[in-house]
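Asks: Residue strings, one per chain:
Protein chains: 4
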Amino acid sequence: MLIVMQANATEEQVRAVCARIEALGFKAHPIPGSTRTAIGITGNTGSVDIGSLESMPGVVECIPVSKPYKLVSRDAKEEDSVITIPAPSGDVLIGGETVALCAGPCAIETPEQAMAIAEQVARAGVRLFRGGAYKPRTSPYSFQGLGEPGLKILAQVRERFGLGIVTEAVDNESLDLVEQYADVIQIGTRNMQNFSLLKRAGRASKPVLLKRGMSATLDEFLMAAEYILAEGNYKVILCERGVRTFSDFTRNTLDLAIIPAVKRRSHLPILVDPSHATGRRHKVLPLSRAAVAVGADGLLVEVHHEPDKALSDGMQSILPDELRQLAEEVRQIAEVLHRRVN
Amino acid sequence: MLIVMQANATEEQVRAVCARIEALGFKAHPIPGSTRTAIGITGNTGSVDIGSLESMPGVVECIPVSKPYKLVSRDAKEEDSVITIPAPSGDVLIGGETVALCAGPCAIETPEQAMAIAEQVARAGVRLFRGGAYKPRTSPYSFQGLGEPGLKILAQVRERFGLGIVTEAVDNESLDLVEQYADVIQIGTRNMQNFSLLKRAGRASKPVLLKRGMSATLDEFLMAAEYILAEGNYKVILCERGVRTFSDFTRNTLDLAIIPAVKRRSHLPILVDPSHATGRRHKVLPLSRAAVAVGADGLLVEVHHEPDKALSDGMQSILPDELRQLAEEVRQIAEVLHRRVN
Amino acid sequence: MLIVMQANATEEQVRAVCARIEALGFKAHPIPGSTRTAIGITGNTGSVDIGSLESMPGVVECIPVSKPYKLVSRDAKEEDSVITIPAPSGDVLIGGETVALCAGPCAIETPEQAMAIAEQVARAGVRLFRGGAYKPRTSPYSFQGLGEPGLKILAQVRERFGLGIVTEAVDNESLDLVEQYADVIQIGTRNMQNFSLLKRAGRASKPVLLKRGMSATLDEFLMAAEYILAEGNYKVILCERGVRTFSDFTRNTLDLAIIPAVKRRSHLPILVDPSHATGRRHKVLPLSRAAVAVGADGLLVEVHHEPDKALSDGMQSILPDELRQLAEEVRQIAEVLHRRVN
Amino acid sequence: MLIVMQANATEEQVRAVCARIEALGFKAHPIPGSTRTAIGITGNTGSVDIGSLESMPGVVECIPVSKPYKLVSRDAKEEDSVITIPAPSGDVLIGGETVALCAGPCAIETPEQAMAIAEQVARAGVRLFRGGAYKPRTSPYSFQGLGEPGLKILAQVRERFGLGIVTEAVDNESLDLVEQYADVIQIGTRNMQNFSLLKRAGRASKPVLLKRGMSATLDEFLMAAEYILAEGNYKVILCERGVRTFSDFTRNTLDLAIIPAVKRRSHLPILVDPSHATGRRHKVLPLSRAAVAVGADGLLVEVHHEPDKALSDGMQSILPDELRQLAEEVRQIAEVLHRRVN
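Residue numbers (this note's numbering), protein chains in the order written: chain E, 1 to 342; chain R, 1 to 342; chain C, 1 to 342; chain W, 1 to 342.
Next up, chain E with everything else stripped away, as it sits in the complex:
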């Protein structure tokens, strides 16, 4: 259920409505917009007494929401959400009129590797750095990431190059640490429906990058985001990274139509990861162009200065030179859509 407040409703009126909702045993989610505030109500809303809420000062109407998702919906917030990433070199915005680039290695391997790649990333004008300290791997015998030492390397990258840091958490313990060291907490594909982890991310103070599950429908994807918002963290960035199909010339099938589909239903920004989607270096550049052309709010790209020596996923990492070309072509396509790369 959604309570729509008047455009000129006071903060006090909003607070009063929230208090009444909580007093009724539900959870209130005030969602400020540019012209009005909406208040989402979660909990089993079947028995909410609409009358007593609709008659409160400042309330325009109560809307029963039949869609399974509420807080992520455009009904709850009409304009695009813009998430601010406070990189040391200045805020990076995700959503709205900007297209954000984020690049880096699949996994953090050594300080030297991380610094060498970060230098190239910064030189290409990219302002967000990605790299895994915790790696969910199909095999228990594969390299699983450096853990906290990897996070410390990322913190050094942050300081030295002024880059905002995006890195994955795989359970509650690693999320505690990622929240401490990084700017954006990534929830990976395999954990998209790890509801326990989603709830923990919903109580985090940092933005969350949520990747689509390998066979998640659009509704399931938005519902997973809803888990995070329902706990109070509204800074959620979605990410399409390909789905599993019969098609066998790429590792996954990049489902770019989800970008306009998400834009119609939700106010949340959505990035595209062309590296995991394709698993092939030479397809990253064309699909990056396509992702920006379809309207994505940014890209998450794997880059490595020596991909053949990478401990994981080298085959899909592009080279620093290719990253510069990518940034340039993507900038030109963003212009056609009246957007700018930040």
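No copy is singled out in the list; a pair is fine if it fits within one copy or between any two copies.
Derived lysine to aspartate or glutamate pairs resembling DMTMM-like cross-links, with alpha carbons at most 25 angstroms apart:
#1 K263 x D248
#2 K27 x E148
#3 K309 x E322
#4 K199 x E179
#5 K199 x E148
#6 K206 x E79
#7 K199 x E173
#8 K67 x D248
#9 K152 x D176
#10 K263 x E322
#11 K199 x D176
#12 K67 x D313
#13 K206 x E173
#14 K67 x D308
#15 K263 x D321
#16 K199 x D313
#17 K263 x E329
#18 K263 x D313
#19 K67 x E54
#20 K263 x E97
Calculated directly from the structure, the hints in this document are not laboratory data.
Here the structure of chain E is known, so what remains is to put chains R, C and W in place on it, guided by the hints.
Replies: Just chains R, C and W now, with coordinates in the frame of chain E:
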């Protein structure tokens, strides 16, 4: 098997090699390139006597081709194939440096409908017109197209607006007629592995537009094209139109990564049909931009002046105004890739 | 639309209703059942004058059918359809209380091969023989079947061993010949939506075995059958043979849940082809047991006396000994379901 | 890497080899078989000094294992693993010659509901009871299970009816509790690649039931099991529950061919869950028969005495009467395979 001729081999030398191949009981396919000619050999090539061919004047080498497809392969022809469509208003090229647009209604319904839409298509600067006279429909009780009267309407569109005509054939009988009236013979998704129809198309004098099957792998798609080339018709245009997956917010999942994948393996041009892929009007424009950005050689788009009255697929047809916007945005994105729309 | 006749309606009354329907410009399909006759009406039934039909003698009611399929529906015919295959050694029934086995090689290669396998098939107590004279092959360079000489070999198998013959037609020309030589006309997976071929099969005098398309939904499958019935041939046997999914340890994913799903919606019998579904010899026996256990009306199994020498699909053919074991185990499982193998 | 010991190797020799492996910095996994013991080595085995191990007393040979999974492989253990569930009424065996049935509600709702259903389950001769206290739900607003109070109800069911208890853990915290109250710890579909949870399950003292992920390949499924075995818990039971495909008449597509596929590659037992696979009550019975016929080691079935009042998944729960019919039919089919239901 492929015979590679010397750069300066004479036409007579090529003819002599072909004659020897045919004398041995196989079929020879000379494939002229910009710097050299290659000759494909089809038939059960297990027993070809390589020695006698390799020692002939003008021959560089004989290459056993292990890939399942031969004539469609870049091994057989290194540079992009450019297919010429002789529209009355001048040739339209598909492949190479140009991006070709083709638009029109799903089905030809009446002369008035066809003319009204064709006028809008021509006004948007589009030079190829699509529209079905034979419609493969899931239900035997749905409108199945006008048949030959529909082809006659298309011929009038051709004359009046100077547009090249693309229309579907569904069996040998309709292919005979389509070949007579249209400029490009379309083989639809459901017939991609109708090998009998592919062979007939391979004996046609007109270019063939081959749509990817709903669950065709890349190899199956190229092998279907190979059926056409193996019969002697090298003017084949591929078309990605979405594949069937679990993903349920679009009718099909557009698999744009196939564009760079085809480009690596084959010299044939490939278009994208964003209308059938998505089944939703508002997704056609963003996915058209993405298709050109990823490197497609053109678009096949459904347009209708009164989509709500269309006898089939109105929900996915865009309006004439949207077509003009599409043409303009696609032109700008083509420029980023140093290509021009024709 | 369906007209339900009274239990004691006379043939003359049925004929009169049919005549009125045809006079109104529609097509009438009388469907005799054990207790009553229903009459399906096809054509654009939006404008049927129900009143004039409902008031005719012998008519109980007119039911507007909202489902896309009509004649294949249980609404049209409540009890199971039983299709009779007139093998020289006596009728073989498909549907109802019997489980029918059909076995043979993928392709007819030589008279010797066909006879050797047929002998083993007959010895295992199987009464239907399958084998392809026309083979739809992914590659134009693969063995495409013997054509009419293959059909002549099948006719000899029929005479010598008393087996009913099931073989595939791939276009109108081959269907003319198959209809002449065989007992059951098979329409293959790749042609499930070759509507031109379905219509031709609907005018054939022999039963049609329709295989599910590689990515056909249940509705599309039943609608393809509807094309055949709508032309007047009600002797249709469905066949599940696996669908295309991401799952990569079998060639296709056998979707056995379609058996009870078809049984709820349609009166048509349905077989299972475990050989094409799995593409692996050692999975044919367990999946044959499962198919009969789930309620299938029979099996279509590939068997070869020398699978390693087969020109196609040897890897999925079982040996004669395995066929005998299969027949025995399937017989026991059929008994649990109170059915018998014929 | 695998060390194969002589048939008559002493326990002391096995211990000595294990000690040497651990001294080299790897982990040793002795796997006793009926005729010989094998010792799996995990860790980065690239640098294992084979020579020093092969020359030890009692060692037959060292086999480098190229398959991604080791401990779950038939190479490591030739005969079927049989997992013992110590129900109060006596051990229930899973694997080998027995077929195990496990039934119960989707979620534990109240003591009354649990007892009423458990009584019916026991009456049907079923000896394992399933029911969720922690429910992973797509929506944060859906009933998420009773938590520990639900586990306490399950413990009462255990005592009162002598049934073994199977219930799901969704994170480390709930796993600690499930381990305490239940006999089998279930890891659900959405957590199949929650590697952090798999590792925790690998350190548990109770058997683990691992459900296949919604789009997991066979290798990914076995590798997920390998995570559990690699931590030392060899009591793993696999469970097929349907995969996500385009096919839309069931909730998921039950992939029964995985049963013989697992049997060829692994010694682990595998059950089938026909309730979640189909999501439809009337398909549970036929697919249960098919699952046993294909060779599954048992079934996991949802049953509810009042499915229309169930808080979750009522539509797919069968009634107690249907459970008795299921048990009887499954018993007869098991006999055909020379197995017995326990």
